[in-house]
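*Asks:* This is what each chain is made of:
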Amino acid sequence: MSLDNDKKPAIELVGIDKRFGAVHANRDINLTVAKGSIHGIIGENGAGKSTLMSILYGFYQADAGEIRISGAPVAIRDSQTAISAGIGMVHQHFMLVEDFTVLENVMLGAEGGQLLRRGVASARKELKRLETDYGLDVDPDALIEELPVGSQQRVEILKALYRGAEILILDEPTGVLTPAEADHLFRILQVLRDQGKTIILITHKLREIMAITDTVSVMRRGEMVATRKTKETTVEELAELMVGRRVLLRVEKGEANPGAPLLSVRNLTVKDGRGVTMVDDVSFDVHAGEIVGIAGVAGNGQSELLEAIAGIRKPFSGDILIDGKPVAGVDPARLRALGLAHIPEDRHHMGLVLKFEEYENSILGYHRDPRYGRGGLLDLDAIRKDAEEKIAKYDIRPPNPRLKTANFSGGNQQKIVVAREIERDPKMLLVGQPTRGVDIGAIEFIHRRIVEMRDAGKAVLLVSVELDEIRALSDRILVMFAGKVVGEKTPDAGEQTLGLMMAGIAA
Amino acid sequence: MDNYEIFVSMLGSTVRLSIPLIFTALAGLFSERAGIFDIGLEGKMLASAFAAACVAYATGNAWLGLLAGIGISILFGLIHGFASITNRGNQIVSGVALNFVAAGLTVVLGQAWFSQGGRTPQVPNGARFDPIILPGAEAMRHVPIIGPLYSQVISGNNILTYIAFLMVPLSWWVLYRTRFGLRLRAVGENPGAVDTAGISVTWLRYRALIVAGFLCGFSGAYLAIAQSAAFINNMSAGKGYIALAALIFAKWKPVPVMFACLLFGFLDAFANFMQGKQLPLVGEVPVQIFQALPYILTCVLLAGFIGVARPPKAGGVPYTKER
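Chain order of the listed sequences is A and B.
Residue numbers for the first sequence follow my numbering, beginning at 1 and rising by one.
Residue numbers for the second sequence follow my numbering, beginning at 1001 and rising by one.
Take these hints with a grain of salt, some might be off.
To be verified - Straight-line C-alpha distance at most 25 Å; calculated DSS-like pairs for lysine-lysine:
(1) A/K8 to A/K229
(2) B/K1313 to A/K271
(3) A/K325 to A/K271
(4) A/K314 to A/K271
(5) B/K1277 to A/K355
(6) A/K404 to B/K1313
(7) A/K355 to A/K404
(8) A/K7 to A/K231
(9) A/K355 to A/K325
Honestly, the hints are just simulated from the structure, not real lab data.
Fair warning: this is a prediction, and the values are worked out from it, not measured in the lab.
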């Protein structure tokens, strides 16, 4: 299990180099992964982790470098060669056919002949064996779309093992899991390691690295900057290696000083397009000068709640009050005029038009403001000047308002949205997943801005699936499960307590 | 004619009018289940009808005509593939373009080669698929009830008709019982799953289009050298679109496809029968109403009144590996 073990390493990457156009995604990467170990690879978004693993799995070809499996050089031209070299991959977005059964998904690509019948019988037998050997229990005849996310992930692992994988790569495996499901996954990974499999875990969550890996390698801007034994390192050291400087993992903030309620939600029920109740009779207040965090596993109604308050989704019943005035069903433009700003959960889908230039996005939704033009014509000079000011103030890089928004990194795109909404000086701020797909430096910046809003006496409603973020920022935490608010906690409530509430087990 | 005879003769024409729909809808089934929208069915049908008529006329052999129809139809499928799979173009645009090419080219070439206003000359006897009289059909003719059914509906069709009905279970078997079928259904739902399983998405989708071309070739040949004996300007007359509607109506499943095509064929036969006839109270009903019915029914279905028709998830989306 340790690096000084004399058996041959499962994987050696030597001098791997890969460019996408102007982007140097992987620079001269060297990596050694010991057989029978769990090896974590950690780094910010865009550090090149996924590219490196895609090269290992045959999705891309490296421009230079060598891959050795158990000491022997292997040319991995496509996923087929990777699979036959004993490499299996569990992708961040599952590669499953949703209206197929578990069995059909496992068989796909390894059917064992032109006709399915014989393959089905042997696959069934093999699944049974994998289940007893590794504790991977999934009903082979269940349809994927009817399985919970945790089980779908087990199907992905089964797929890899069914193809005889000795090396298993997991790309951000816990992003979609509840804490309990993540624990279950980690137990499975430990069993796999103890049976001699080699596991590579890609993540940006330091906690997971510390909890489960034997060795950890850190990537930064396309380079492999360090490899440590997990026992001999600390969260602080790894965080520093990731960003290249010291970062505050905790947000520094003083006591909240809540005033009168600014935003009230009363018995709100929201249904989705299919008529399924997504938000179920929810009531709460957000006071001036406080941050209320909504915690929950994705898909438990937080998105719909946020959209209903923002005026994007019509509530089915109940009231939303701003300063005591009912605003349920009022359109977003009117809500903005009332002082409600909204940083939507998905910046690509709702917050930005990626094909627009930066300055065009910097006034999206506020283009009727007389400062930006009159009589239906836009005053482009004024808008660009305004955009340049925001770019300077929010350190948006590169500082070019004429650049197409798609060409900014995730963190900088998010800053464009944050700058646009906060600089309007709203009375209330709705924030959804403010740091999803954002690097550590920008996370820190955005968190500070949100706390500043609170300190300036604004009411902030924060929705995030990152429990750490909710705990770091919120003054009060509401936990949502299956559309209901199942409880209210203070941020010093334990992670386990909140995790159980998020899983709907305790209130 | 008594009512039963009318019923039997209408059943006979229902079958005859359904055959090109069945071939074409099954063709669409293979390409759409693989995630390639196939609006170009109409064009493939027209082009293969033209090719079948030309070759049958030139060689005097119906089978060579059929082969030519299949060949052209596959070629059209490959062009569609080159545009929409290899070059990731818009599948609808590519399909519509092929329809225009087929509509224009058949007329221009027909005029240039035969100078009959876009028609091909009459195919000689023996160079088309003639009706096959099943044993005992004549003797059965006068047996009550079953007799007319056997001699007019089951017997007396050409070989392509029987092939069409064989293709239905065969398509089902290929889709649900073979490796190719499993992979084809998977690539239409989630090409990423296929790619990461080490299977080429591109080659798989091309193969789906080849199968589609093969099936669609039969429908063109049926129109030109089985149902009639020459190619006529725009002889597919929207049947490709009706087949597409039948495919949606049948929720992309082979056996329901057959029934949907029979239903739409029946509506067609009924429209022909009602032509010029007076209905009590309403008077003469315009044929157009019956001709529009397949589309209306499909719209009603799409609006969700008869259960949800869920198209293959990856349909219409060119596959690119994610960064």
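*Asks:* Evaluate each hint against the coordinates.
*Replies:* To see whether the hints hold, each was checked on the structure:
no.: 1; hint: A/K8 to A/K229; in the structure: 18 Å, holds
no.: 2; hint: B/K1313 to A/K271; in the structure: 24 Å, holds
no.: 3; hint: A/K325 to A/K271; in the structure: 23 Å, holds
no.: 4; hint: A/K314 to A/K271; in the structure: 9 Å, holds
no.: 5; hint: B/K1277 to A/K355; in the structure: 59 Å, violated
no.: 6; hint: A/K404 to B/K1313; in the structure: 30 Å, violated
no.: 7; hint: A/K355 to A/K404; in the structure: 6 Å, holds
no.: 8; hint: A/K7 to A/K231; in the structure: 21 Å, holds
no.: 9; hint: A/K355 to A/K325; in the structure: 37 Å, violated
Of the numbered hints stated above, those contradicted by the structure are hints 5, 6, 9, listed in ascending order.
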